[in-house]
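Peer 1: Here is how the chains run, residue by residue.
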Amino acid sequence: MLLFRRGPDWQRSYFRSPFFEEFNRMQRELDRLSDSFSRGVLREEFAGVFPLVNVMEDGERYFIRAELPGIKADEIDISVTSNSISISGERKIAIEGEGAKYHRRERESGKFSRVLTLPGQINTAKVEAKSIDGILNVVLPKADIGKPKQITVKAN
Amino acid sequence: MTDTETKALQVKEKAELAHPMEQTRPGLVFTPDVDIFETEKEMIILADMPGVKSDNLTIDLREAVLTLDGEVQAPESKGEVEIFREYRTGKYYRQFYLSEVIDQAKIEAEMKDGVLRLKLPKVEAAKPRKISVKAS
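Going down the list, the sequences are from chains A and B. Position 42 (the first sequence) corresponds to 42 in our numbering; numbering is contiguous. In our numbering, each residue carries its 1-based index in the second sequence increased by 156.
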């Protein structure tokens, strides 16, 4: 008769074993995915277009951010309409000298162009964009019709 | 130039560090994309680390292990509500074992537009010396 004796916290080590590590990782990924779906109101399908963007808002403005390392501010083209924004440009990677022998080459260069539809109307005249340390930050003030407006509730 | 059209830049998900050491503060850790090449005199590492300022970057070289550690501040302010998020923000961390012996005193680092350019001059003795083969 075979008797298995397990220590008091066998579950902890059992469920942390390499076999379960894959399941744990998948669980974390699923949690993260469901997180992002629950909060996004007008979430587009993952566009798969460079650059990846994050779109935020407060009462007055939309904020669009993208990571564009190695691209100077004056190399980014941004144009807006009353409800969309287009971000385009080119990432160039310098060609190094003749004697350079590469060990790794993971960075990519190329052109990019992406159009995003905004959830509401914006005031195109007041849009501001900054690129600092490779992070693009675009602030788009909402058009007055888009801003939340307080309505007083009358009693009679 | 053989091609007249520049190809379109493909989107890549940010690579999370596979086995991060536990940090005292919670947060994501990403591995930056790098280009590494060497010339006769030096090794050069170019790393994409957007959002890292030179003050928040730590470069450490000891016992032939080079560590790059760049802190990133979340750009969102308190009042902001998320509409959609395609990428996450976190620090950048990567380690390399250097096969070359480096002259530590002459290391140069420059951060520009979120790209680190790290110049690691090789120690004089490590430069390749041509050995002529005599025919007998």
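Rather than coming from a laboratory, the hints here were simulated on the basis of the structure. Ideal Cβ positions, reconstructed from N, Cα and C, are used throughout, including at glycine. Take these hints with a grain of salt, some might be off.
To give an idea of the chain B side of the interface with chain A (calculated C-beta under 7 Å), a few residues [to be verified]: (1) Thr162; (2) Pro182; (3) Asp189; (4) Thr195; (5) Glu198.
Below, computed lysine to aspartate or glutamate pairings styled on EDC-like, alpha-carbon distance capped at 16 Å [claimed, not checked]: (6) B/Lys168 / A/Glu108; (7) A/Lys72 / B/Asp269; (8) B/Lys234 / A/Glu60.
Peer 1: Give a verdict on every hint.
Peer 2: Outcome of the hint check:
1. Thr162: Holds, because the Cβ-Cβ distance from B/Thr162 to chain A comes to roughly 5 Å (cut-off 7 Å).
2. Pro182: violated, 14 Å
3. Asp189: holds, 4 Å
4. Thr195: Holds. Min distance 5 Å.
5. Glu198: violated, 10 Å
6. B/Lys168 / A/Glu108: holds, 10 Å
7. A/Lys72 / B/Asp269: Holds. A/Lys72 to B/Asp269 sits at ~6 Å (cutoff 16 Å).
8. B/Lys234 / A/Glu60: holds, 14 Å
Hint compliance for this structure: hints 2, 5 are not met, and every other hint is.
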